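Peer 1: Sequence:
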Amino acid sequence: MSAKNSGTFTIGGDLPVTRLGYGAMQLTGPGVWGDPKDPDEAVRVLRRAVELGVNLIDTADAYGPFVADLLIKKALHPYADDLVIATKAGFTRQGPGQWTPVGRPEYLRQQVELSLRHLGVDRIDLLQLHRIDPKVPVAEQVGELKKLQDEGKIRHIGLSEVDVDQLVEAQQTAEIVSVQNLFNLANRDAEPLLAHATEHGVAFIPWFPLATGALAGPDSPLTTLAKEHDATPSQLALAWLLKRSPVVLPIPGTSSVAHLEDNVAAADIELTDAEFDALTKAV
1 MSAKNSGTFT
11 IGGDLPVTRL
21 GYGAMQLTGP
31 GVWGDPKDPD
41 EAVRVLRRAV
51 ELGVNLIDTA
61 DAYGPFVADL
71 LIKKALHPYA
81 DDLVIATKAG
91 FTRQGPGQWT
101 PVGRPEYLRQ
111 QVELSLRHLG
121 VDRIDLLQLH
131 RIDPKVPVAE
141 QVGELKKLQD
151 EGKIRHIGLS
161 EVDVDQLVEA
171 QQTAEIVSVQ
181 NLFNLANRDA
191 EPLLAHATEH
201 GVAFIPWFPL
211 ATGALAGPDS
221 PLTTLAKEHD
231 ATPSQLALAW
241 LLKRSPVVLP
251 IPGTSSVAHL
261 EDNVAAADIE
271 LTDAEFDALT
281 KAV
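228 is the number that the UniProt record's numbering gives to position 228 of the sequence shown; each next residue is one higher, with no gaps.
No lab work stands behind these hints: they were computed from the structure. This structure is a prediction, so every number in the text was calculated from the model and none was measured. Note that the Cβ used here is the ideal one computed from N, Cα and C, for glycine as well.
Taking CB as the label site, the calculated pair distances span:
no., residue 1, residue 2, range
1, Gly29, Thr223, 28 to 34 angstroms
2, Asp38, Ala278, 37 to 43 angstroms
3, Lys74, Gly53, 20 to 26 angstroms
4, His200, Glu51, 31 to 37 angstroms
BS3-like mimics (lysine-lysine), calculated; alpha carbons at most 25 angstroms apart, straight line:
no., residue 1, residue 2
5, Lys153, Lys73
6, Lys4, Lys227
7, Lys227, Lys243
8, Lys281, Lys227
9, Lys37, Lys73
10, Lys4, Lys74
I would like the entire structure built from these sequences, with the hints used as guidance.
Peer 2: Quick look at the structure:
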């Protein structure tokens, strides 16, 4: 079992990653707030992910806040040369389950500086604007990240939860190498963005990739096909994402080593074109 069986993609032309990554949001307490129930298990999850070939870890300053970042540093620092840590800035937290976008340049700069410190790095491989703040011009938000990039504190810039028009607008200020949107077998509202990203070689990082909902019912095509592959519906949902486009980099998250291993096993599943089409039409 190895995440490397999912294939590779090169972010921004110089950051090769295993396509099946890991998302760190679930390494926090309820409501993505505070410390996890079992910090030791969180450390084991991170170390096991790397053992299984995962070399793209997605986190954010808002996870905890900073709880996930500090766990990543504790578990994996000093980092392997090929480990890519993607983080995000642009959300403030007022309590469990509360998220308020703030894109003022001075705030984004502060958060990037804090992420550098908490992760223990001199440069962030991929810094994604967590949300576009509607109160601040896009050029100002992305422009500050571009300044940080020019200063050597950010290697590449990405966006989260945007549409094609917003991506194109941001690209007028800086090169954008990735987009991170809600996307899974049951929710494909971001299809136009994925098509654009595929055409232009922009990494597409779907968050909440395992959502299957009613698709995992007893007699559903997903459940039937999962039995044929001796797999779980969630594993098939990941396999579908991996086959959907070569720019797709799923980042399933978990706080359990057993669940992590179950997710990574999806890298070994190869769907036929007919099976892929059947799952696609199931929605």
